[in-house]
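J.: Spelled out, the chains give:
There are 4 protein chains.
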Amino acid sequence: MARVTIWNEYRQERSDDRVRAVYPDGIHAALAEGLTQAGFDVRVATLDEPEHGLTDEVLAATDVLTWWGHAAHGEVRDEIVERVQQRVLTGMGLVVLHSGHHSKIFRRLMGTSCDLKWREAGEHQRVWVVDPAHPIAQRLGESFVVDHEEMYGEHFDIPAPDRLVFVSWFPGGEVFRSGCCFERGRGRIFYFQPGHETYATYFDANVRRVIANAVRWAAQPQGAQPTFGRREPLEPV
Amino acid sequence: MARVTIWNEYRQERSDDRVRAVYPDGIHAALAEGLTQAGFDVRVATLDEPEHGLTDEVLAATDVLTWWGHAAHGEVRDEIVERVQQRVLTGMGLVVLHSGHHSKIFRRLMGTSCDLKWREAGEHQRVWVVDPAHPIAQRLGESFVVDHEEMYGEHFDIPAPDRLVFVSWFPGGEVFRSGCCFERGRGRIFYFQPGHETYATYFDANVRRVIANAVRWAAQPQGAQPTFGRREPLEPV
Amino acid sequence: MARVTIWNEYRQERSDDRVRAVYPDGIHAALAEGLTQAGFDVRVATLDEPEHGLTDEVLAATDVLTWWGHAAHGEVRDEIVERVQQRVLTGMGLVVLHSGHHSKIFRRLMGTSCDLKWREAGEHQRVWVVDPAHPIAQRLGESFVVDHEEMYGEHFDIPAPDRLVFVSWFPGGEVFRSGCCFERGRGRIFYFQPGHETYATYFDANVRRVIANAVRWAAQPQGAQPTFGRREPLEPV
Amino acid sequence: MARVTIWNEYRQERSDDRVRAVYPDGIHAALAEGLTQAGFDVRVATLDEPEHGLTDEVLAATDVLTWWGHAAHGEVRDEIVERVQQRVLTGMGLVVLHSGHHSKIFRRLMGTSCDLKWREAGEHQRVWVVDPAHPIAQRLGESFVVDHEEMYGEHFDIPAPDRLVFVSWFPGGEVFRSGCCFERGRGRIFYFQPGHETYATYFDANVRRVIANAVRWAAQPQGAQPTFGRREPLEPV
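Chains as they are written, first to last, in my numbering: chain A, 1437 to 1673; chain B, 1437 to 1673; chain C, 1437 to 1673; chain D, 1437 to 1673.
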């Protein structure tokens, strides 16, 4: 069973009463509960630990890393971002959640600004499956509602996803590509939009199912291992 | 474990001594041996059975269908092709092998001619992994050689694959997109080029690994179930 | 300048007062006006002409064909569909409009059911650009509104578009991939969702701009010409 | 007509007799000759100019930038790389040539290592068109030969191209995705593999046609302009 490291900024849960009220043990605890119930081997790492909890040893023992950050993207040290990127390129899965769209690691892997529109108004959103053959859509309905969320709207400045799994509808007139698959190097990346810190999204059954499906999809520990550099011919020339 | 139906035209093994010498029990037997060893629940269907062995009951009990045909594509009845297409669109996986590129079912699912270049000269080919993160490339080297094969060369008139996993090199100067993933409806389709009837390709360990990986990837029995047709609003309008 | 043939079923404009009120000269006339103003060389063909107006000569002299049909898809003769498909595969562009999603030609080129959800209630829709680098999005705003349209909702059972240019929002809670690019053979295909026969959509300036951009994008009369079949080696083997 | 800035490292032509013998006026001069003949408005910028010749003014007046670098990627200043990246994301086209695969700007836009295999042995290569509908393949044959080139082989560690136009064959047994389209932000990017500094590749008629086609494809000065940030609802909520 895949080994998951849940990375959480873990600041607003301690500094903001509204966030603590929803996630008293941290957003990571809600995510860990869901992924543990789904059968994964789960550990947690947070921003304020040494090396943000992401030592070489931790990353080497991680099949899939989930990433939640919001207010302190700039405090993530560049050498740790570089380390995570290299680990993704050599095969670790990465599941980027909600405001993680603006994290250094996601922007670096995408090569774009990852900008979007947003509105924090507790609106509901409807998430539509547009790729029902995809493993991340397994055991979901054709759409589901998240009761209270931050609106994220197009344009979302990302590369065209390698697979687009979800598109979301918001009551204010916006749409959003809310479930996006990417492959980079030997690593698989999934971006999933729901999960604002003041709403109980990570306790939602559909959201938990998506994240578990995404972890399962992103875990590919036995991929082919390419090599690079100068080569002699394989055939007589 | 996924339930696989191996479909084989099964004509040349009975009519052509060169083919019988390689596949005395039929190409399906070699495929069945490999997939059984990989742990799948395997059955066989052939062209000359009633309904080509592809009754509604068989298809309903099939998670992934593999397809090998060559000399008698035209004898596959249109209503059976239609039945297989519908089953793919509702979630059955399909692995199309070698000369199956010109089968009615593959052409119908692709919408293109599926034409290509070819030469039957027993040349070796080198298969390169170009998507090492893909599950179909799991536990392979970065390339492998098939000792004797029919050359298939570009241009291969297919839609751009949803994922391109393998590109092959042939000594005569040709390249070929030899491992191609498609999603159509709720079904997953993989085309894999090696497997001419006069060469022992389906006994090759790498080829068997690819086909087993492809079956595992294509089996998605719990996909989201879209509905269609006239709808009332989900929101107050 | 590209030569465009506008194909129209042209039945409801003659049989249904509500449609005639909007398109007294036929939907084709509104489309022809827009494309002529955009500088294209335009002709018209309709269902009730001999060979549906799509003779070999007409198709040979057509760079881009636009297709609007709704009530009489079944009356389009299969040999004409086959002829159009072959012409697309050898390089003619095809712009499929609105209810043309269920035309024989589109379904044949896609290989899927092309089913979707729908509601005819005159709701407005907002069309969002999700691929601002695409030529079909040139000189548009980041979104635009069509005042009255038929709702088309996901899931839309098509292959994943080669490029997804527009996603639409509807007030009833639905989203739709409303601008989709495909390449098949040497031909380029664009599906564009707005255009129900009882609304004045094809007089809308943004809609006309999209269709003109799509025609320009789909016209590729000088593409590379692949050849197929048995080949001698290009290199000494 | 699109305004092109040809960026060249322009070191080896001055320091290495073998390179000077092929490109006495610099690689940029050969590229400029071809693009000028194709009708583009061409200027040149090189590494050793102030700001590497890529001031804000130059970039603002550039529709498409071509990039050739090899021995001095590390000397390109990070703030200039950042500036070019921002300009691509707001709509400038970028054509990356040969050893530019390892340039800072290409790696930053891709998010991957962009590593590959290579061998400098003056072998010929055959370039196959695998997307004949693409504008970059216009007026080419179905394949063409470059007489002497550096071998570049898979695996090429890039994101899956948004469109794959060319795949190359090398006599030593290698294949390479040698013509790759990407969209990032509002900018279009094309990577094209031929062009080692010791071979006369940029005088080759087919290579020049590809580069001119790529410049034409990448120039999209009127793309839709997305906006980002906090938004009020567009609909009553």
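Just so you know, not all the hints are guaranteed correct.
Ranges between beta-carbon positions, derived for each pair [as the list claims (entries may be wrong)]:
hint	chain 1	residue 1	chain 2	residue 2	range
1	C	Phe-1639	B	Glu-1556	23 to 31 angstroms
2	B	Pro-1657	A	Glu-1556	37 to 45 angstroms
3	B	Arg-1513	A	Gly-1475	39 to 47 angstroms
4	A	Gln-1473	D	Gln-1658	30 to 38 angstroms
5	C	Pro-1657	D	Gly-1510	25 to 33 angstroms
6	B	Glu-1556	D	Ala-1508	29 to 37 angstroms
7	C	Arg-1575	D	Gly-1665	57 to 65 angstroms
In silico SDA-like links for lysine to any residue, alpha-carbon gap of 25 angstroms or less [claimed, not checked]:
hint	chain 1	residue 1	chain 2	residue 2
8	C	Lys-1540	B	Ile-1516
9	C	Lys-1540	C	His-1560
10	D	Lys-1540	A	Asn-1642
11	B	Lys-1540	C	Trp-1554
12	C	Lys-1540	B	Asp-1551
13	A	Lys-1540	D	Arg-1450
14	C	Lys-1540	C	Arg-1652
15	A	Lys-1540	D	Arg-1666
16	D	Lys-1540	A	His-1509
17	A	Lys-1540	D	Ala-1497
18	B	Lys-1540	B	Glu-1493
19	C	Lys-1540	B	Glu-1493
20	C	Lys-1540	C	Ala-1641
21	D	Lys-1540	A	Glu-1485
22	D	Lys-1540	A	Arg-1479
23	C	Lys-1540	B	Thr-1526
24	D	Lys-1540	A	Gly-1665
Derived, one-sided and incomplete: chain D residues facing chain A with beta-carbon distance under 10 angstroms [unchecked claim]:
hint	residue
25	Phe-1580
26	Glu-1619
27	Thr-1663
Simulated from the structure, these hints should not be mistaken for laboratory data.
Ideal Cβ placement from N, Cα and C applies to all residues, glycine included.
J.: Work down the list of hints and note, for each, if the structure agrees.
T.: These are the hints, each one checked on the structure:
1. Hint check: Phe-1639/C to Glu-1556/B, Cβ distance near 58 angstroms, so the stated range 23 to 31 angstroms is violated.
2. In this structure the hint that Pro-1657/B and Glu-1556/A lie 37 to 45 angstroms apart at CB holds, the actual value being about 39 angstroms.
3. Judged by the Cβ atoms, the range 39 to 47 angstroms given for Arg-1513/B and Gly-1475/A holds: they are separated by roughly 45 angstroms.
4. In this structure the supplied range 30 to 38 angstroms is violated for Gln-1473/A paired with Gln-1658/D, their Cβ-Cβ distance being about 51 angstroms.
5. The supplied range of 25 to 33 angstroms is broken by Pro-1657/C and Gly-1510/D, whose beta-carbon atoms lie about 45 angstroms from each other.
6. At about 50 angstroms, the CB distance of Glu-1556/B to Ala-1508/D disagrees with the hint of 29 to 37 angstroms.
7. Roughly 23 angstroms separates the CB atoms of Arg-1575/C and Gly-1665/D, a value that falls outside the hinted 57 to 65 angstroms.
8. A distance of roughly 19 angstroms separates the Cα atoms of Lys-1540/C and Ile-1516/B; the hinted pair therefore holds under the 25 angstroms criterion.
9. A threshold of 25 angstroms between alpha carbons decides the hint, and for Lys-1540/C with His-1560/C the separation of about 28 angstroms lies outside it, so the pair is violated.
10. In summary, the hint linking Lys-1540/D to Asn-1642/A is not supported, as the alpha carbons are separated by about 41 angstroms, beyond the 25 angstroms threshold.
11. About 31 angstroms separates the Cα atoms of Lys-1540/B and Trp-1554/C, which puts this hinted pair outside 25 angstroms; it is violated.
12. Between Lys-1540/C and Asp-1551/B the CA atoms are separated by roughly 22 angstroms; this keeps the pair inside 25 angstroms, and the hint holds.
13. Taking the CA atoms of Lys-1540/A and Arg-1450/D, the gap is near 39 angstroms; set against the 25 angstroms cutoff, the hint is violated.
14. A threshold of 25 angstroms between alpha carbons decides the hint, and for Lys-1540/C with Arg-1652/C the separation of about 24 angstroms falls inside it, so the pair holds.
15. Taking the CA atoms of Lys-1540/A and Arg-1666/D, the gap is near 20 angstroms; set against the 25 angstroms cutoff, the hint holds.
16. Among the hinted pairs, Lys-1540/D with His-1509/A is consistent with the structure: their alpha-carbon atoms are about 23 angstroms apart, no more than 25 angstroms.
17. Straight-line distance between C-alpha atoms of Lys-1540/A and Ala-1497/D comes to about 30 angstroms, which puts the hinted pair past the 25 angstroms bound.
18. Restraint check for Lys-1540/B and Glu-1493/B: the C-alpha separation of about 21 angstroms stays at or below 25 angstroms, so the hint holds.
19. Between Lys-1540/C and Glu-1493/B the CA atoms are separated by roughly 29 angstroms; this puts the pair beyond 25 angstroms, and the hint is violated.
20. With a C-alpha separation of about 29 angstroms, the suggested pairing of Lys-1540/C with Ala-1641/C is violated against the 25 angstroms cut-off.
21. A C-alpha spacing of about 31 angstroms is found between Lys-1540/D and Glu-1485/A, which places the hinted pair above 25 angstroms, so the restraint is violated.
22. A threshold of 25 angstroms between alpha carbons decides the hint, and for Lys-1540/D with Arg-1479/A the separation of about 35 angstroms lies outside it, so the pair is violated.
23. Between Lys-1540/C and Thr-1526/B the alpha-carbon distance is near 20 angstroms, which keeps this suggested pair within the 25 angstroms criterion.
24. Straight-line distance between C-alpha atoms of Lys-1540/D and Gly-1665/A comes to about 18 angstroms, which keeps the hinted pair within the 25 angstroms bound.
25. For Phe-1580/D, the interface hint is violated, the least distance from its beta-carbon to any beta-carbon of chain A being 20 angstroms, above 10 angstroms.
26. Nearest Cβ of chain A to the Cβ of Glu-1619/D: about 6 angstroms, under the 10 angstroms cut. The hint holds.
27. Taking 10 angstroms as the C-beta contact cut-off toward chain A, the hint placing Thr-1663/D at the interface holds, the least distance being around 7 angstroms.
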